[in-house]
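S.K.: Line by line, the protein sequences give chains A and B.
Quick note: the first sequence uses the working numbering, first residue 19, plus one each step.
Quick note: the second sequence uses the working numbering, first residue 19, plus one each step.
The set of hints was computed from the structure by calculation and includes no laboratory data.
A virtual CB, placed ideally from N, CA and C, is assigned to each residue, including glycine.
Heads up, a few of these hints could be off.
Simulated DEER-style distance windows between Cβ atoms [stated by the list, open to error]:
hint : chain 1 : residue 1 : chain 2 : residue 2 : range
1    : A       : 37        : B       : 312       : 26 to 34 Å
2    : A       : 37        : B       : 208       : 49 to 57 Å
3    : A       : 41        : B       : 284       : 35 to 43 Å
4    : A       : 277       : B       : 103       : 37 to 45 Å
5    : A       : 174       : B       : 280       : 56 to 64 Å
2 protein chains.
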Amino acid sequence: MLDTLRQHIETSLQTIPYPEAPANLYEPIRYILSLGGKRIRPVLALIGCGLFDEQWEKATPAALAIELFHNFTLMHDDIMDKAPLRRSKPTVHQRWNENVAILSGDAMLVKAYEQLVQTPTTELAHLLSLFNTCALQVCEGQQYDMDFEQRAAVSRQEYLKMIRLKTAVLLGFSLRAGALVGGAGLAEQQGLYELGVNMGMAFQLQDDLLDVYAEEAFGKRIGGDIVANKKTLLLIEAMERADESQQKQLFFWLNTENFDPNEKVNTVKEIYDAIGVRLIVEEQIRRYHHKAEKALNTLRAHCRPTFVSALEQLLQNLLIRKV
Amino acid sequence: MLDTLRQHIETSLQTIPYPEAPANLYEPIRYILSLGGKRIRPVLALIGCGLFDEQWEKATPAALAIELFHNFTLMHDDIMDKAPLRRSKPTVHQRWNENVAILSGDAMLVKAYEQLVQTPTTELAHLLSLFNTCALQVCEGQQYDMDFEQRAAVSRQEYLKMIRLKTAVLLGFSLRAGALVGGAGLAEQQGLYELGVNMGMAFQLQDDLLDVYAEEAFGKRIGGDIVANKKTLLLIEAMERADESQQKQLFFWLNTENFDPNEKVNTVKEIYDAIGVRLIVEEQIRRYHHKAEKALNTLRAHCRPTFVSALEQLLQNLLIRKV
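With the hints as extra help, turn the sequences into a complete structure.
M.R.: Following this line, the structure appears as structure tokens:
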């Protein structure tokens, strides 16, 4: 089922129309969408709909809107992060230039709304309001993320709030938007939203772990977060538990401007291992995962089983991403 | 009446809610909106509504959406143009930084949709589709504008198409959106759209003239377009009519990287004067203005007179902006 849904997204993404000109505006949109990805968010939208309505294709415009929106945020975040690569390919601002990436991103956000407006629902205003709220939260999350880079310390609570805004709420919205299109009631929509948010929290924390412990880096350098002094939960937990000598070392690496990246990554990783932060973060992931699973179990009674299974499988896949 | 409408916009802009945090996301939105401006577009939206419905305030959310959208484009365009000032005040990317200007602009575009969704109309999907089309056209116009900077020559037709997209269609949309909210029929909406587009063309060409011939520059350096080699209609008409020696001089100034800005502006201006391009562009402005007036006259029979007069006055004000 998941493959069918993913394939449906891929095919549908191809059908979004773009004018031929100006090429510098529309070509980058096609480019970033062609870089692939797991399409988790739009698949969640289709699942949200399929849980309640056998015509899960109804959620296609909303699903495409979400994927367009997500890729718009990637295009602009890559400028802000000065990222040269995305999925081992040059980022848009790298392949074209920053102005092109700014403006194409803007157009992509409008294209997202263009899709959303095509959603077959009597609750369009409601759907749009939910989307707007979510979109602003994602912007807030990105702003906090940038603000945190300038700060010496970030609390666990602040970090969790940031990733909730930047990553998790969009997964919650995806499930909820699909459910809304599928005719779910308000309580069901809210339940799915919470499920998606918990899934998103687990997803992002898993991503943080992968950055440090992945065996293969797919277009991403291992330890990128460490090199960039990102205040991930790993670092926050490590700082809190470090003894005096470990704390000194962490401070040293956080405040040294000229360094050998490999040396920095290896030393920080050794401290992480000595403290055992991996287990602590894994425990946190399991907790979010468990919450999502519990919510999922309440769906079994009144939702369509094929789609409950699909959601279950997607949730499992998250945890077995290669660490 | 125009003052009432403008005042209503100023007051309503103050009521748009923004969260307190993150400050770097929302403060720049308040800042750019506080820089003022003539609020022509939102006033046009209120007029469009008032032409058909005595409750012209109904168009307030749409009007605010348009002003938010317009200022979002200014915030991002200023990054792309590396503009240090807007209305004699530092631009957002100058006062904060580029990342803040990118992300605040993004949030501002979402805030525009947030307003638009609050429009009291049964035709929300239609209104949103029109807005999306217009927003993409504005992006296209900005992209063409940037593309033209890299090109040696631009035709009159290409230039007019560019300013139609970048500037004129938003004025057309503003009038039309108001009319839609006010209950106007499709034909009336389209008539008002054309009126607004013609008004926008006259407006932009007048702006091009002001750049060269304004006696006072309000926060803008006189001749900025000349210094930046902008292919305005003035330059295009001058190139076409220049004799061999004038053409040589124009080419020289277009292709010289190190120059004294005053000398460049003065020399190019002398060529413009010798050829008489000011009169040619003024004639073009009059033609667009005349088209707008003709459309306006057809409204008299069935539209509310106070608002016909308000529109008439706004149109007149355009032509008597100080050159």
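S.K.: The structure should be examined with respect to each hint, and the outcome stated for every one.
M.R.: We went through each hint and held it up to the structure:
1. Taking 26 to 34 Å as the suggested C-beta distance range, the pair residue 37 of chain A and residue 312 of chain B conforms, at roughly 31 Å.
2. Range check, residue 37 of chain A to residue 208 of chain B: Cβ separation about 21 Å, and the 49 to 57 Å hint is violated.
3. Separated by about 37 Å at the C-beta atoms, residue 41 of chain A and residue 284 of chain B satisfy the suggested range of 35 to 43 Å.
4. With their beta carbons about 39 Å apart, residue 277 of chain A and residue 103 of chain B fall inside the hinted range of 37 to 45 Å.
5. Here the CB-CB span from residue 174 of chain A to residue 280 of chain B is close to 59 Å, well matched to the stated 56 to 64 Å.
Violated hints amount to a single one, hint 2; each of the other numbered hints is respected by the structure.
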